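Undergrad: The lines below spell out each chain.
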Amino acid sequence: MKAVLLGCWLVTLTSASFAHRLDEYLQATRIAVATDRIDLTFELTPGVAVAGHVLGVIDSDRDGRVSDDEGSAYARRFLKDLNIGLDGKAVAPNVTAVSIPVMQEMRSGTGVIRIRAACKVVSLNAGKHHLSLTNNHLPAISVYLVNALRSKDPAIEIGKQTRDELQKDYRLEFRVRE
Amino acid sequence: MQATSFRNTTLSLLVVCATFGVLDSVPLAAASVGQTRQVIAAANAFLATLDDAQRDKVSFAFDDAAQRKRWSNLPVGMAERRGLRLGDLKQNQRDAVLKLLGTVLSKMGYEKVVGIMESDEVLRKENSRGTPVFGRDEFFISFMGKPSASEPWMIQFGGHHLALNITIAGERGILTPSLIAVQPAKFVLDGKTVRPMGRETDMALELVNALSEEQRKQAILGSQMRDLVLGPGHDGETIQPEGLKTSTFNEKQTKLLLELVAEWSGIIHDQAAAVKLAEIKANLADTWFAWSGPLEAGKGYFRVQGPTVIIEYAPQKLGGDVTMHIHSMFRDPTNDYGKKFTTK
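Those protein sequences? They're chains H and X, same order as listed.
The working numbering applies: residue 1 is where the first sequence begins, and numbers increase by one.
The working numbering applies: residue 1001 is where the second sequence begins, and numbers increase by one.
Calculated from the structure, these hints are not laboratory results.
Fair warning: this is a prediction, and the values are worked out from it, not measured in the lab.
Wrong hints could be hidden among the right ones.
The calculated DSBU-like cross-link candidates involving lysine-lysine, where the alpha carbons are at most 35 Å apart (straight line), are [claimed, not checked]:
| id | chain 1 | residue 1 | chain 2 | residue 2 |
| --- | --- | --- | --- | --- |
| 1 | H | Lys128 | X | Lys1107 |
| 2 | X | Lys1252 | X | Lys1069 |
| 3 | X | Lys1281 | H | Lys128 |
| 4 | X | Lys1090 | H | Lys160 |
| 5 | X | Lys1125 | H | Lys152 |
| 6 | X | Lys1125 | H | Lys168 |
| 7 | X | Lys1317 | X | Lys1069 |
| 8 | H | Lys120 | X | Lys1255 |
| 9 | H | Lys128 | X | Lys1069 |
| 10 | X | Lys1186 | H | Lys128 |
| 11 | X | Lys1186 | X | Lys1125 |
| 12 | H | Lys89 | X | Lys1339 |
Selected chain X positions facing chain H (Cβ under 8 Å, derived; list incomplete) [claimed, not checked]:
| id | residue |
| --- | --- |
| 13 | Leu1047 |
| 14 | Thr1049 |
| 15 | Arg1226 |
| 16 | Asp1227 |
Ideal Cβ placement from N, Cα and C applies to all residues, glycine included.
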């Protein structure tokens, strides 16, 4: 029986290797900075080989489906695994939207979990600022992409972005115009 | 039999195009209106081969937002496409689709698209289990709006690793956003090695190697880029540009950059391609080039970003050899889906 299951798994992985993410959990982050808030968008795509692991974290009652409460709880847990700082002080993001794909999509490596979050900040003074982000969510299986969006707030001038090799640690410099 | 026939047709069309130069023989001065008329004629010729049910299936409203974003890098079984599937068409209908593609695309663009479809056929043959479904039958065509010289309309053509979103607005042709990808990136067809994205792969390496040490330090991002940042689902987003400003480029570097960019901007027919490349060239002072990963052909991610263009090239780990699986995107943050010319 075990051999049959292993065979099925290998066939699935072989087919999947032609098409979509396989053995890594891609966590893509986009950051939009304004003078009074920071909006964060996360797209989390578990590959076929790690989807079970991720689903194990999300589907806490193990009933084979993800309820709205479980989706929200996962989003909160995800955000807890992030360290976000603004000018050296910790800021806490709040979930504003969560979208969890159906189980089948997740298991096939094509499902994308989408989380939106926002950090309200005291209106930023003119001058230089920096934002830091460290992503500690499921690091053993994850790869990361982090990018600042061009700001729609004309007062904001986006500056240098610095990342470590894995993009787990990220720093964004920006300036608020006079 | 049908598949073989289709391949023979595509190859024959390639030969005809190359021999008679039918795709690049129209003088630029006459081409502005003439090319749109030819595209409309080819679209209508295809539509005339369809029965009512097919015509209904292939046609969408120009402002159908759901259909507009119904494209993906994923195989068709994993991401829905609508329109008409090539595998469901009769031979004369498939020929008409190819004729339309041959008219709306440049010779280079047409060859690239056919190469991508043929690479998917290689996947089909390698993937004996049959899921996900690959192959040259699994590409879809649809129209948004009606072929017209005065009203905007769109041709969508794509499937796994290919999404062409072509907006025709009067004399203008807009190719953004389009996804151009391939796996395997190199294969043998009828005894010849085919690399549908070979030129851009080699040219990008040539460009990064042509940079001075100081320029290269600025261009190389120093972090892994595992995928496209602005792939499917990211319409309307513009990331902050990074890397090296191309205003620092010397003449040779600028020439290499424009040749590289033309591998995407030049997919559409020559007249529209010339307009797009001129626009990109005019904005070079505010354009950036970034690289990430090994300085080897096909192993590094790169991005060209200017006010009216974003090109991303991202080798993929899936499948083992990153040089054999490439994703790329061609976007214009100011004019995806021709919004500059179609928004009232």
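Undergrad: It remains to establish, for every hint, whether it holds in the given structure.
TA: Going down the list of hints, with the structure as the test:
no. : hint                  : result
1   : Lys128/H / Lys1107/X  : violated (50 Å)
2   : Lys1252/X / Lys1069/X : violated (38 Å)
3   : Lys1281/X / Lys128/H  : holds (33 Å)
4   : Lys1090/X / Lys160/H  : violated (55 Å)
5   : Lys1125/X / Lys152/H  : violated (48 Å)
6   : Lys1125/X / Lys168/H  : violated (39 Å)
7   : Lys1317/X / Lys1069/X : holds (26 Å)
8   : Lys120/H / Lys1255/X  : violated (46 Å)
9   : Lys128/H / Lys1069/X  : violated (38 Å)
10  : Lys1186/X / Lys128/H  : violated (48 Å)
11  : Lys1186/X / Lys1125/X : holds (15 Å)
12  : Lys89/H / Lys1339/X   : violated (41 Å)
13  : Leu1047               : violated (32 Å)
14  : Thr1049               : violated (32 Å)
15  : Arg1226               : holds (5 Å)
16  : Asp1227               : holds (6 Å)
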